[in-house]
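Chemist: Residues per chain, in single letters:
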Amino acid sequence: MPSTDFEVHELLNISAALGERLLKSGAEIYRVEESVGCLLSTYGHPDSAVFAIPSFLVITIRDGQGQALTQTVRIRQQETDLYRVDMLNSLCRRICREKPPFSQICRQLEKIDGIGHYPLWLRIPMAGIIGCAFALFFGGSPRDGLCAVLSGTAIGAAGWFMSRFHVNLFITDVLAAAAATVLALFSVTLGLGNNADMIIAGALMNLVPGVALTNSMRDVIGGDIIAGLLKLAEALMIAFAIALGAGLALTGYVRLLEVLPVCPG
Amino acid sequence: MSWLTVVYAFAGCLGFCFIFHLRGLSCMLASLGGALGQSVYLLLCPLRHEIAQYFIAAVTIALYAEIMARINKKPATCYIIISVIPMVPGAGIYYTMKHCLEGSTGLFVQSGLHTLGIAGALAMGILSVISLVRLLYAMRKRNRFNKID
Chain H
1 MPSTDFEVHE
11 LLNISAALGE
21 RLLKSGAEIY
31 RVEESVGCLL
41 STYGHPDSAV
51 FAIPSFLVIT
61 IRDGQGQALT
71 QTVRIRQQET
81 DLYRVDMLNS
91 LCRRICREKP
101 PFSQICRQLE
111 KIDGIGHYPL
121 WLRIPMAGII
131 GCAFALFFGG
141 SPRDGLCAVL
151 SGTAIGAAGW
161 FMSRFHVNLF
171 ITDVLAAAAA
181 TVLALFSVTL
191 GLGNNADMII
201 AGALMNLVPG
211 VALTNSMRDV
221 IGGDIIAGLL
231 KLAEALMIAF
241 AIALGAGLAL
251 TGYVRLLEVL
261 PVCPG
Chain X
1 MSWLTVVYAF
11 AGCLGFCFIF
21 HLRGLSCMLA
31 SLGGALGQSV
41 YLLLCPLRHE
51 IAQYFIAAVT
61 IALYAEIMAR
71 INKKPATCYI
81 IISVIPMVPG
91 AGIYYTMKHC
101 LEGSTGLFVQ
111 SGLHTLGIAG
121 ALAMGILSVI
131 SLVRLLYAMR
141 KRNRFNKID
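Those protein sequence lines, which keep their order, are chains H and X.
Going by the numbering used here, the first sequence opens with residue 1, and the numbers climb by one from there.
Going by the numbering used here, the second sequence opens with residue 1, and the numbers climb by one from there.
Check the hints yourself; a few may be wrong.
As the list claims (entries may be wrong) - The calculated lysine-lysine pairs, modelled on DSS-like cross-linking and capped at a C-alpha distance of 30 angstroms, are:
#, chain 1, residue 1, chain 2, residue 2
1, H, Lys111, X, Lys141
2, X, Lys141, H, Lys99
3, X, Lys73, H, Lys24
Stated by the list, open to error - Which bits of chain X does chain H cover? Going by a derived footprint, with three or more residues having C-beta under 8 angstroms, they are:
#, stretch
4, 3-10
5, 45-54
6, 63-77
7, 81-87
8, 134-144
Hints listed in this document are in silico derivations from the structure and should not be mistaken for laboratory results.
Nothing here was measured: the structure is a model prediction, and the numbers come from that model.
For every residue, glycine included, the Cβ atom is placed at its ideal position computed from N, Cα and C.
Could you put together the complete structure from these sequences and hints?
Modeler: Okay, here's the thing in structure tokens:
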């Protein structure tokens, strides 16, 4: 079926929109490539080429005259949103099954865009709860757990604060780890917490690169070695950032205590 | 005392559901996966081999995630990303850094290698389950194809 130019352009736009949303929500690379490829072959372009890495997506299809049409998408900011990945995935399954008109797909995509994130007032204290849970998990006392709520919340707040300046992940994580460490050490100095190590380790679980590591494994298995290596590098970078931030704060705090007059108790 | 860590793992996972914007019943299932992983880890304590414990826990979590994904028609990522978090060696990274700062090279190398070993065990556990699932799918697809022929 030779499709008109307009249809080809529309198809290219829609598949790029779908792929971009998937990548932005933190889907695995093979899912992005398979979803876009499935969309294209459903509408009669099985010989198209799709390539994705976490920050970049390129799609090439041929129009009725055999001319190649390419669209590239650069993804700058990515936030893991598993609910959105799920919605986009089911939308794609439906498209490949029912082949709905383009206008309907656009409406569905807009509907998915309209799904809000969890509000900040919920997410920042949640970082505190995570800190508390993992401080107890690592064997801290209940008082350590309470201090970890503070430290964890500091990480959440630091992440939110830095995200407004669009700086890179490294600096954000260094600062967040340092803030959490200083708060934990301070609460132990005040006598609120018993064991600074448990508090800090619990709070730092907020930053630990579990997602990057898991996703990189899935990408490597899917055959996307480049994407897997990129994610692995990201995981290592985050680990170094955590170590650097917490290390700076630890040494800085100890030196500060040496300079300042020793507080009673 | 140590079995309380299962509850803490569950709570921690539930917190991460909010960070990664997971909604509805999936939150509970993903957090249960985290608790399951920790339970398996504790059950295997008699093995006296931490890397093996982590590996088997990771395999269990990945299997659980794949099964839940098939039942609920959702991507397995939704479950696995959250369930595996309690296993990630966050404390290991921290202690490695601390030993490095203290200048105790022996402890630094020891905890660093230990942390790397755990991360590798997790990765290998997840990796082997996903490969197995993919292999099964590919075989089933081929069988169906042959029948049509």
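Chemist: Indicate, hint by hint, whether the structure satisfies it.
Modeler: Structure-based check of each hint:
1. The hinted pair formed by Lys111 (chain H) and Lys141 (chain X) fails the criterion: a straight-line CA distance of about 34 angstroms is larger than 30 angstroms.
2. The hinted pair formed by Lys141 (chain X) and Lys99 (chain H) meets the criterion: a straight-line CA distance of about 23 angstroms does not exceed 30 angstroms.
3. Straight-line distance between C-alpha atoms of Lys73 (chain X) and Lys24 (chain H) comes to about 21 angstroms, which keeps the hinted pair within the 30 angstroms bound.
4. Residue count for the stretch 3-10 of chain X with a Cβ under 8 angstroms from a Cβ of chain H: 4. That meets the three needed, and the coverage hint holds.
5. Coverage of the stretch 45-54 of chain X by chain H is violated [criterion: at least 3 residues with CB-CB distance below 8 angstroms; count 0].
6. Look at the stretch 63-77 of chain X against chain H: 4 of its residues bring a Cβ nearer than 8 angstroms to a Cβ of that chain, three or more, so the hint holds.
7. For a cut-off of 8 angstroms, the count of residues in the stretch 81-87 of chain X with a CB near a CB of chain H stands at 5, and the three-residue condition holds.
8. Judged by the Cβ-Cβ criterion of 8 angstroms, the stretch 134-144 of chain X is not covered by chain H as claimed, because only 1 of its residues qualify and three are needed.
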